[in-house]
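Heads up, the sequence shown stops at 184 in my numbering, and the numbers go up one at a time, no gaps.
Hints listed in this document are in silico derivations from the structure and should not be mistaken for laboratory results.
Treat the numbers as computed from the prediction; the structure is a model and nothing was measured.
Glycine is no exception: its CB is placed at the ideal position from the N, C-alpha and C atoms.
Watch out, some of these pointers could steer you wrong.
To be verified - FRET-style restraints, in silico, Cβ to Cβ:
1. P164 x V110: 34 to 40 Å
2. H161 x H112: 23 to 29 Å
3. P85 x I148: 30 to 36 Å
4. S130 x S152: 50 to 56 Å
5. E115 x E92: 19 to 25 Å
6. V121 x M143: 22 to 28 Å
7. L90 x Q129: 27 to 33 Å
8. E115 x N83: 52 to 58 Å
9. Q141 x K165: 18 to 24 Å
10. F122 x I148: 37 to 43 Å
11. S116 x N83: 25 to 31 Å
12. P159 x N95: 35 to 41 Å
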Amino acid sequence: MAQPSASTLDKNIPCLDLLSEFPNVTKPISFKETPFYSVAHHIESTGSPVFAKARPLQSDRYRRVKEEFQTMMNMGICRPSKRPWISPLHVVPKKDGQSSMWRLSTSQRSYET
72 MAQPSASTLD KNIPCLDLLS EFPNVTKPIS FKETPFYSVA HHIESTGSPV FAKARPLQSD
132 RYRRVKEEFQ TMMNMGICRP SKRPWISPLH VVPKKDGQSS MWRLSTSQRS YET
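Throw the hints in and build the complete structure from the sequences for me.
This is the structure we're talking about:
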């Protein structure tokens with residue numbers, strides 16, 4: 072694996088020296104690493120889950136969502152679950168105008184009473 076490095080088109084930016092000195096700052100995060108703290112958090116819920124109807128996605132969005140979730144699972148950010156809680160998924164194009172970039176979000180509106 073290559074060592075982290077800092078690279079930019081503009082060689083005159085003030086932070087380039089700092090980024091070169093501390094390349095791990097821009098290293099991709101691996102959520103599979105063991106945290107350095109020993110605290111574990113658990114949220115205990117009461118009552119039954121709020122029902123949320125699944126919404127179909129267009130085929131191109133569905134494919135990209137599957138790829139994004141697979142990437143997040145590989146990084147250790149999320150994992151498959153069989154819990155009864157569910158939130159509708161919203162797939163929104165990012166503001167930069169690139170149709171290939173999507174933002175995944177969930178709606179918690181049904182939980183707010």
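Exercise. Which numbered hints are broken by the structure, listed smallest first?
Worked result: 4, 5, 7, 10, 11
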